[in-house]
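Working from the sequences, and respecting the hints, build out all of it.
Chains as they are written, first to last, in our numbering: chain B, 527 to 928; chain P, 42 to 166.
Derived from the structure by calculation, the hints contain no laboratory data. One thing to keep in mind: the hints can contain errors.
Claimed, not checked - Computed cross-link-like contacts, DSSO-like style, restricted to lysine-lysine with a CA-CA straight-line distance of at most 27 Å:
1) B:K928 with P:K152
2) B:K917 with P:K59
3) B:K760 with B:K588
4) P:K59 with B:K846
5) P:K152 with B:K876
6) B:K615 with B:K697
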Amino acid sequence: MQKIYLDNSATTPVDREVLRAMLPYFSEKFGNPSSIHSLGQEGAEAILEAREKIALFLGCQKEEIIFTSGATEANNLALKGVMQACFQKTGKKGHLITSQIEHKAILEPAQVLEQEGYKVTYLPVSGEGIVEMQEVRKAIRDNTVLISLMYANSETGAIQPISEIGQFIKKINAKRVNPAPQGCRVNKIFVHTDAAQAVQYLDCNANSLGVDLLTLAGHKIYAPKGVGALYVKKGTPIIPIQQGGSQEYGLRAGTENVPYIVALAKACELVAQNRLRVSKKLAKLRDYLIQKIKKDILYCQLNGPRGERRLPNNVNFSFKGAEGESIVLDLDLEGIAVSTGSACTSHDLKPSHVLTAMGISPEIAHGSVRITLSKYTTAAEINKLIQVLPKIVERFRKMAPK
Amino acid sequence: MYSKKVLEHFQNPRNQGKIENPDGVGQVGNPVCGDIMKVYIKVKDNKISDIKFETLGCGAAIATSSMITELARGKTLEDAVRISRQDIAQELGGLPAVKMHCSNLAADALKKAIADYLGKVKNKI
Numbered sequence: 527m528q529k530i531y532l533d534n535s536a537t538t539p540v541d542r543e544v545l546r547a548m549l550p551y552f553s554e555k556f557g558n559p560s561s562i563h564s565l566g567q568e569g570a571e572a573i574l575e576a577r578e579k580i581a582l583f584l585g586c587q588k589e590e591i592i593f594t595s596g597a598t599e600a601n602n603l604a605l606k607g608v609m610q611a612c613f614q615k616t617g618k619k620g621h622l623i624t625s626q627i628e629h630k631a632i633l634e635p636a637q638v639l640e641q642e643g644y645k646v647t648y649l650p651v652s653g654e655g656i657v658e659m660q661e662v663r664k665a666i667r668d669n670t671v672l673i674s675l676m677y678a679n680s681e682t683g684a685i686q687p688i689s690e691i692g693q694f695i696k697k698i699n700a701k702r703v704n705p706a707p708q709g710c711r712v713n714k715i716f717v718h719t720d721a722a723q724a725v726q727y728l729d730c731n732a733n734s735l736g737v738d739l740l741t742l743a744g745h746k747i748y749a750p751k752g753v754g755a756l757y758v759k760k761g762t763p764i765i766p767i768q769q770g771g772s773q774e775y776g777l778r779a780g781t782e783n784v785p786y787i788v789a790l791a792k793a794c795e796l797v798a799q800n801r802l803r804v805s806k807k808l809a810k811l812r813d814y815l816i817q818k819i820k821k822d823i824l825y826c827q828l829n830g831p832r833g834e835r836r837l838p839n840n841v842n843f844s845f846k847g848a849e850g851e852s853i854v855l856d857l858d859l860e861g862i863a864v865s866t867g868s869a870c871t872s873h874d875l876k877p878s879h880v881l882t883a884m885g886i887s888p889e890i891a892h893g894s895v896r897i898t899l900s901k902y903t904t905a906a907e908i909n910k911l912i913q914v915l916p917k918i919v920e921r922f923r924k925m926a927p928k
Numbered sequence: 042m043y044s045k046k047v048l049e050h051f052q053n054p055r056n057q058g059k060i061e062n063p064d065g066v067g068q069v070g071n072p073v074c075g076d077i078m079k080v081y082i083k084v085k086d087n088k089i090s091d092i093k094f095e096t097l098g099c100g101a102a103i104a105t106s107s108m109i110t111e112l113a114r115g116k117t118l119e120d121a122v123r124i125s126r127q128d129i130a131q132e133l134g135g136l137p138a139v140k141m142h143c144s145n146l147a148a149d150a151l152k153k154a155i156a157d158y159l160g161k162v163k164n165k166i
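Here it is as structure tokens:
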């Protein structure tokens, strides 16, 4: 059976061009970039080149790119690294603002910081799953050090107003030039965004976004799993969270994963070439799929925003009276891969924290199915999904107690 | 994550549906945890002569519901009430740890249905 893969927010296949770019760095150009001999230097050069490409992609300087093992590590480094670096100024009273709809790779480190004594505010979201500016404004305190908000949500595709927040914080920072003598006030709020889900579709120019830190993940943009990067603007206070060698400007100890770093750079390069074309194509397919589901299945609701405030590749529906996991399993038996909530939450049974933060009842949240398209998705694949989905939902509705 | 047997029962659930004029009905679960199971029984000569289920829930919820109908049919009430969550999981070739608690409620639903039946019989006397 030809498999149809519609779970691209979980991960994407590696693009053949990306694969080709990385392959020589396994068994031929395998040197350690820290080695002084030519084989090592070949690796060092590959990393330098990758760094330059990603810097070009983000509109920043190459020294501002820190390669990591993925978005989770980049997020941990951003949150813990910045909060702990500000420790001397703020004590553990330092304040972090994030939101209720973040990925666990933000929520979990935020909770660790809370346990250490730092203060954390988790911003609520609107019914569409978007953080509102007034909430950001209300949450800011004298000792706020960092705001970390995802660029786009992995479950609903809701695009967050990052550039608006970035510009707003710049204004606040302008008024903070003279810190209060007692110390509890830091003279700047830093802005971090986890752009893992957004990179393929949205502008990631660090300057126009107005962010100080930005997380990239390889495996959401057709590079392999296990590689990511953190953009850290010059002048941002940050300390490493793991100790060892002095790789990555002393911020990320450990021998560089040369082939994967090369892959990440290639993937970014491809995104820069195809972003607009892919976004346009997928927005059309997405809207077609939404409209067909609404027409063919009764008692369903689209979770998250519509149109331009939604990632072009994301569709998330709840089907009343049918449970999400069951629908996912049945679709899998038909050869179609989708997900319920995020792949990470399938390890616990609680309804999605993203959907419940949007005010959606647990009952409806349990019936949610996420369909995420890729640059390879075809109209024929979408049609196959539309053909089988109504019958599947009907089977479970029939099975449920009335 | 699921055994072949779980998936087989999920795909082809046994005894799915409703019994008209049942002798006992038991419902467990709630919308918050995501699983609701309803078990209907008919009782003849102290034995479960017919049993059906209706379930809203995940793959494990459906498979365990299906399995308990197979295990309970024909059993005396005393034996049926002793069917445990572990028995069901074992018959299905195991369940993921995370599903053992929340989605493995079929035994509880059956116990409730039997209690419902016994309560009705008592009232008649």
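Now for the hints, and whether the structure bears them out:
1. B:K928 with P:K152: 20 Å, holds
2. B:K917 with P:K59: Holds, because 20 Å separates the two Cα atoms, which is no more than 27 Å.
3. B:K760 with B:K588: Judged against 27 Å, a Cα distance of about 11 Å means the pair holds.
4. P:K59 with B:K846: 20 Å, holds
5. P:K152 with B:K876: The hint holds at about 26 Å.
6. B:K615 with B:K697: Distance of about 21 Å is within 27 Å: holds.
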